[in-house]
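Line order of the protein sequences matches chains A and B. So the first sequence is numbered by the numbering used here: it starts at -1 and just counts up by one. So the second sequence is numbered by the numbering used here: it starts at 1035 and just counts up by one.
Careful, some of the hints might be misleading.
Here's a subset of chain A near chain B, in silico, CB distances under 8 angstroms, partners left out [claimed, not checked]:
| no. | residue |
| --- | --- |
| 1 | H64 |
| 2 | G66 |
| 3 | S95 |
| 4 | A123 |
| 5 | A125 |
| 6 | F129 |
| 7 | G134 |
| 8 | L147 |
| 9 | H151 |
| 10 | Q247 |
Counterexamples of contact, computed for chain B against chain A with all Cβ distances above 12 angstroms [stated by the list, open to error]:
| no. | residue |
| --- | --- |
| 11 | F1050 |
| 12 | E1058 |
| 13 | Q1063 |
| 14 | A1066 |
| 15 | S1083 |
| 16 | G1084 |
| 17 | T1087 |
| 18 | R1089 |
| 19 | V1091 |
| 20 | E1125 |
| 21 | N1132 |
| 22 | E1139 |
Since the hints were made in silico from the structure, they are not lab data. All C-beta atoms, glycine included, are put in the ideal place defined by N, C-alpha and C.
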Amino acid sequence: MAGMHGGQVAIVGASETREVGVLPDRAMIQLHAEAALLALADAGLTAADVDGVATAGPLPLEVSHHLGITPRWLDGTMVGGCSFMLHVRHAAAAIASGAADVVLVSHGESGRSRVGVGGYRQNQASAQGQFEAPFGSVAPYCTFTVPALRFLHDRGLDRRALAEVVVAQREWAVGNPRAFRRKPATVEQVLDGPPIAYPFTREMCCVVTDGGGALVLTSAERAADLPGGEHAVYLLGSGEACEAPMMSQMDEVGSFGAFRRASAEAFATAQVSHADIDHLMGYDAFAHLPLYMLEDLGFVGRGESAAFIAEGNTRKGGKLPMNTNGGGLSYTHTGMYGMFAIQEAVRQLRGQAAVQVPDVQVSFVQGVGMFFGAAGSLVLSSRQP
Amino acid sequence: MAGGTVPVPTPETAPFWAGTLAGELRIQQCNACGRHYFYPRPFCRYCQSGDVTWRTVAGTGRLVSYIINYRPVPPADPGEPQIIGLIELDEGPRMLSNIVGVAPEPENLPLDATVRVEFEPRGDQALPVFRLDGEAA
């Protein structure tokens, strides 16, 4: 039996919706369908070829039936915005074990226009509803942000470090016509922007958009016979981890254990080292997340992330280009950004990105979900080892 | 603080909320491993022992991290910034709360400042909130 890692499973189709941003003319489920059909066309396959479906948000049975797919394998793992990293990992295991041959992973969210989505109602008897929400932590910007000051304080940093993240990533977005925020930014402009939740100003918080994306995976063996095989992207390794369902209960405030565990497993299963990584996508719903990730994934030592970004290492020409679509902070963020991080990694590995980094052969994709609740990591490559 | 949602106790958390209504902060301690833990559940979060005891603690701790939320979500008053703080109790557990009795300005809120619990009515419940020590009401 083939293994799930080491390039034996491939992404053979990948697409976002035709546009991302403000799409009031499309319901959430149509964003799934649009991306899924484009990804299948990209792979040279049809819905009839799909026998596995994974999604988060709607149930996989809703997406399956909507598209006319009769799956024999379903995955509805929901751990927030990094669910799609876990879906890719689970799909690889399913394909390797023979539980599925062709898996569709889809995402669509009308995060801005709220078309075809139900209302959200807080469960006041849940642990979060009893022990966080009454104090005001009910939205992402007033929950996910709370640990950041501790991170900065322990490293002798201040909120300029957050602004530097925004400025570095905006540089990528300026050249990307699909990015939501494209105006060049300076550290002073970011710091002087409208305050949202100190230490965060508006530009340190992600955009809120509509859009979707989908991936089609199959075995590398089958990929070789497909029209999409020539631009196949191979899964070298992966990892997943979870921690607390409440931000206040994460094991350490200034470091995220699930980042450390998921990424360590991804590096180990991929059998690559940090020096092998040409490109990094790090889920950035807020500006402190790339700082946590660079340290927790081991790309830099403790306390070195802010200087690493400020010195330009993640910008064009830097040694570790990061969030090259502009990230959730500038490109797009529907509510579950993980799919878009994977899409940009695939584009870079295929040489098709809006702002292309030369010679990307190995990309690391790090997701986070549920406000420091879960993490998923993928190591993707343009070449089969 | 200017309002917000009201917690709904479950059978497992009811002693905590009965405590806040009585003006006491009650958390659980494991008799098997000795550790205090939060949030409430009828077994130890660390060793899963069911031999646990409710303790009334002093309600003193330190400010680990915080935000000043300039956009409170209704039913909280959107016009009054909230200080949402992470508090580590002297017994070890960490809990989210609000810092009260101080203007919402970063210079008033040094990390690691010692804090002390007090209680504010919220609907039919009472919320544990914290005040910087030395400024006790």
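Comparing the hints with the structure gives:
{"no.": "1", "hint": "H64", "in the structure": "violated (32 angstroms)"}
{"no.": "2", "hint": "G66", "in the structure": "violated (40 angstroms)"}
{"no.": "3", "hint": "S95", "in the structure": "violated (32 angstroms)"}
{"no.": "4", "hint": "A123", "in the structure": "holds (4 angstroms)"}
{"no.": "5", "hint": "A125", "in the structure": "holds (5 angstroms)"}
{"no.": "6", "hint": "F129", "in the structure": "holds (5 angstroms)"}
{"no.": "7", "hint": "G134", "in the structure": "holds (4 angstroms)"}
{"no.": "8", "hint": "L147", "in the structure": "holds (5 angstroms)"}
{"no.": "9", "hint": "H151", "in the structure": "holds (5 angstroms)"}
{"no.": "10", "hint": "Q247", "in the structure": "holds (7 angstroms)"}
{"no.": "11", "hint": "F1050", "in the structure": "violated (8 angstroms)"}
{"no.": "12", "hint": "E1058", "in the structure": "holds (17 angstroms)"}
{"no.": "13", "hint": "Q1063", "in the structure": "holds (17 angstroms)"}
{"no.": "14", "hint": "A1066", "in the structure": "holds (21 angstroms)"}
{"no.": "15", "hint": "S1083", "in the structure": "holds (19 angstroms)"}
{"no.": "16", "hint": "G1084", "in the structure": "holds (19 angstroms)"}
{"no.": "17", "hint": "T1087", "in the structure": "holds (20 angstroms)"}
{"no.": "18", "hint": "R1089", "in the structure": "holds (17 angstroms)"}
{"no.": "19", "hint": "V1091", "in the structure": "holds (16 angstroms)"}
{"no.": "20", "hint": "E1125", "in the structure": "holds (15 angstroms)"}
{"no.": "21", "hint": "N1132", "in the structure": "violated (5 angstroms)"}
{"no.": "22", "hint": "E1139", "in the structure": "violated (9 angstroms)"}
Of the numbered hints stated above, those contradicted by the structure are hints 1, 2, 3, 11, 21 and 22, listed in ascending order.
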